[in-house]
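Keeping their order, the protein sequence lines are chains A and B.
Sequential numbering of the first sequence, starting at 1, is according to the numbering used here.
Sequential numbering of the second sequence, starting at 1001, is according to the numbering used here.
Treat the hints loosely; a few may be bogus.
[As the list claims (entries may be wrong)] Distance ranges between label pairs, derived from CB positions:
| hint | chain 1 | residue 1 | chain 2 | residue 2 | range |
| --- | --- | --- | --- | --- | --- |
| 1 | A | Arg135 | B | Thr1244 | 57 to 63 Å |
| 2 | B | Asn1171 | A | Glu230 | 37 to 43 Å |
| 3 | A | Glu230 | B | Lys1264 | 55 to 61 Å |
| 4 | B | Asn1171 | A | Gln221 | 32 to 38 Å |
| 5 | B | Phe1005 | A | Glu13 | 53 to 59 Å |
| 6 | B | Leu1018 | A | Gln249 | 52 to 58 Å |
| 7 | B | Pro1238 | A | Pro253 | 47 to 53 Å |
| 8 | B | Gly1026 | A | Gln221 | 47 to 53 Å |
| 9 | A | Arg120 | B | Asn1180 | 36 to 42 Å |
| 10 | A | Arg120 | B | Asn1171 | 39 to 45 Å |
Simulated from the structure, these hints should not be mistaken for lab results.
Glycine included, C-beta positions come from ideal geometry on N, C-alpha and C.
As a plain string of letters, each chain reads:
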Amino acid sequence: MPGDHRRIRGPEESQPPQLYATEEEEGPADRDPTRLRPVFARAGLLSQAKGSAYLEAGGTKVLCAVSGPRQAEGSDRGSGPAGAGGEAPAALRGRLLCEFRRAPFSGRRRRAPQGGCEERELALALQEALEPAVRLGRYPRAQLEVSALLLEDGGSALAAALTAASLALADAGVEMYDLVVGCGLSRAPGPAPAWLLDPTRLEEERAAAGLTVALMPVLNQVAGLLGSGEGGPTESWAEAVRLGLEGCQRIYPVLQQCLVRAARQRAAAAPP
Amino acid sequence: MAAGFKTVEPLEYYRRFLKENCRPDGRELGEFRTTTVNIGSISTADGSALVKLGNTTVICGIKAEFAVPPTDTPTKGYVVPNVDLPPLCSSRFRSGPPGEEAQVASQFIADVIENSQIIQKEDLCISPGKLAWVLYCDLICLDYDGNILDACTFALLAALKNVQLPEVTINEETALAEVNLKKKSYLNIRTHPVATSFAVFDDTLLIVDPTGEEEHLATGTLTIVMDEAGKLCCLHKPGGSGLTGAKLQDCMSRAVTRHKEVKKLMDEVIKSIKPK
Chain A
1 MPGDHRRIRG PEESQPPQLY ATEEEEGPAD RDPTRLRPVF ARAGLLSQAK GSAYLEAGGT
61 KVLCAVSGPR QAEGSDRGSG PAGAGGEAPA ALRGRLLCEF RRAPFSGRRR RAPQGGCEER
121 ELALALQEAL EPAVRLGRYP RAQLEVSALL LEDGGSALAA ALTAASLALA DAGVEMYDLV
181 VGCGLSRAPG PAPAWLLDPT RLEEERAAAG LTVALMPVLN QVAGLLGSGE GGPTESWAEA
241 VRLGLEGCQR IYPVLQQCLV RAARQRAAAA PP
Chain B
1001 MAAGFKTVEP LEYYRRFLKE NCRPDGRELG EFRTTTVNIG SISTADGSAL VKLGNTTVIC
1061 GIKAEFAVPP TDTPTKGYVV PNVDLPPLCS SRFRSGPPGE EAQVASQFIA DVIENSQIIQ
1121 KEDLCISPGK LAWVLYCDLI CLDYDGNILD ACTFALLAAL KNVQLPEVTI NEETALAEVN
1181 LKKKSYLNIR THPVATSFAV FDDTLLIVDP TGEEEHLATG TLTIVMDEAG KLCCLHKPGG
1241 SGLTGAKLQD CMSRAVTRHK EVKKLMDEVI KSIKPK
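Work out the full structure, taking the sequences as your base and the hints as a guide.
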């Protein structure tokens, strides 16, 4: 990194060996478009964070930690009309600060630890999806910090980060209306291929369009949606969203079990 | 009652335990926390390791790329360590460029690699002056509960032992590299440096493997890096209270025993990995 004197200097430029590979990599295998990879979720594993969660789905590994509520900077704003239920007025509501970070070794190519605009966009998507679920009115003038770290990208990284973040918020004891469950989809290029649920990294790389849906399962409301690419007619996108919502509902029982288990462990470990 | 005393007078609380030669979590003064290591879990990295020392968790991922060797040493490759202390490991760190502690840790790891000659940089050279490997060693702390340097050194060593580099040949006609991703070989690890950290209390008492609270209350810290021949690779003592020569000798003998414990653990783990 030119002029980055805070890190150990390496070579100016470097290329990954995959560029010079003699054999072509195999394409993704055919599979059932609605299959979901088995999900492993654990909450309450970090000792220093208020709440934490680790989620593994296929090759994607995400760790998320929540800290706060802490005094927000610039929090001495005026008051406005009070919200329903005695909550703080809009100007005094709490804030959710999200950070999304990819480990340098998480993808095919090494990424600089700095991160770029893609990570900021994903952090914003995280924040927008989590805000409807958190009762920010109960934390006036405070901020909750959510940081997601992607250890390995095996496809649908944003969806996994969303799920892990909401588990971590629940583990931290933050008041929420519902959990937020994320699900990723992708569509291969071609005239009329099907939308694939929970794509792997290979499928995502070769996709013509990608979509991430965030659902609040009990309230059955969509919390967030981020999609891009050439997807074809509108019905195709509507079909994809429906598929994604079904996928989210299927993951929900695993997350419930994970939180119950974490609560039991916490109760067992607490001093009598 | 004890919790209240601990909040108001943490140092006195600790002294009461140290007088009985033990610590609040039940350990002896010379005892390490439970160490666990998991090798090769990140498949996108060329080599990876996760080390847990009690609550302190560090993950190391190594990515190997091609680069032109430096002009003043055309037969050497690069090893670039980077220690990252993100806000998720502890609330005292903020997001953004690496803070002081991360920079100190990165420089410490770079010194350990250089001084212990863990790998010969000449081994990383493919074609002198034209092509060499660069190993980017990224260490991320996931949970900060003291003794970060020991965990980082161990994670780095375990990850380096796990790295598999593909075979590279230079095509004479096109002068380009050809990489065979199917044939991989392990790195040649020459020495196994292991770090042991101590905290100094009240200028006299030395305790091994301090937790986050103990580091905060300590008046000085010391880290010793030993390799298997009982040779000292690196000694890191950033200020703090002074130590007599005799105390330093005790620390070094403790470091030698720790090296044996760690080496045994790592050999067991590596043997248990099924070959790919």
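Hint by hint, here is what the structure shows:
At about 58 Å, the CB distance of Arg135/A to Thr1244/B agrees with the hint of 57 to 63 Å. Roughly 38 Å separates the CB atoms of Asn1171/B and Glu230/A, a value that falls within the hinted 37 to 43 Å. In this structure, Glu230/A and Lys1264/B meet the distance hint of 55 to 61 Å, their C-beta atoms being roughly 57 Å apart. Remark: the range hint 32 to 38 Å for Asn1171/B to Gln221/A is contradicted by a beta-carbon distance near 58 Å.
A beta carbon spacing of about 58 Å between Phe1005/B and Glu13/A agrees with the range 53 to 59 Å that was offered as a hint. Judged by the Cβ atoms, the range 52 to 58 Å given for Leu1018/B and Gln249/A holds: they are separated by roughly 55 Å. At about 51 Å, the CB distance of Pro1238/B to Pro253/A agrees with the hint of 47 to 53 Å. Distance hint check for Gly1026/B and Gln221/A: the Cβ-Cβ separation is about 49 Å, which falls inside the suggested range of 47 to 53 Å.
Here the CB-CB span from Arg120/A to Asn1180/B is close to 38 Å, well matched to the stated 36 to 42 Å. For the pair Arg120/A and Asn1171/B, the beta carbons lie near 41 Å from each other, so the given range of 39 to 45 Å is met.
In summary, the structure is inconsistent with hint 4 from the numbered list given earlier, while agreeing with all the others.
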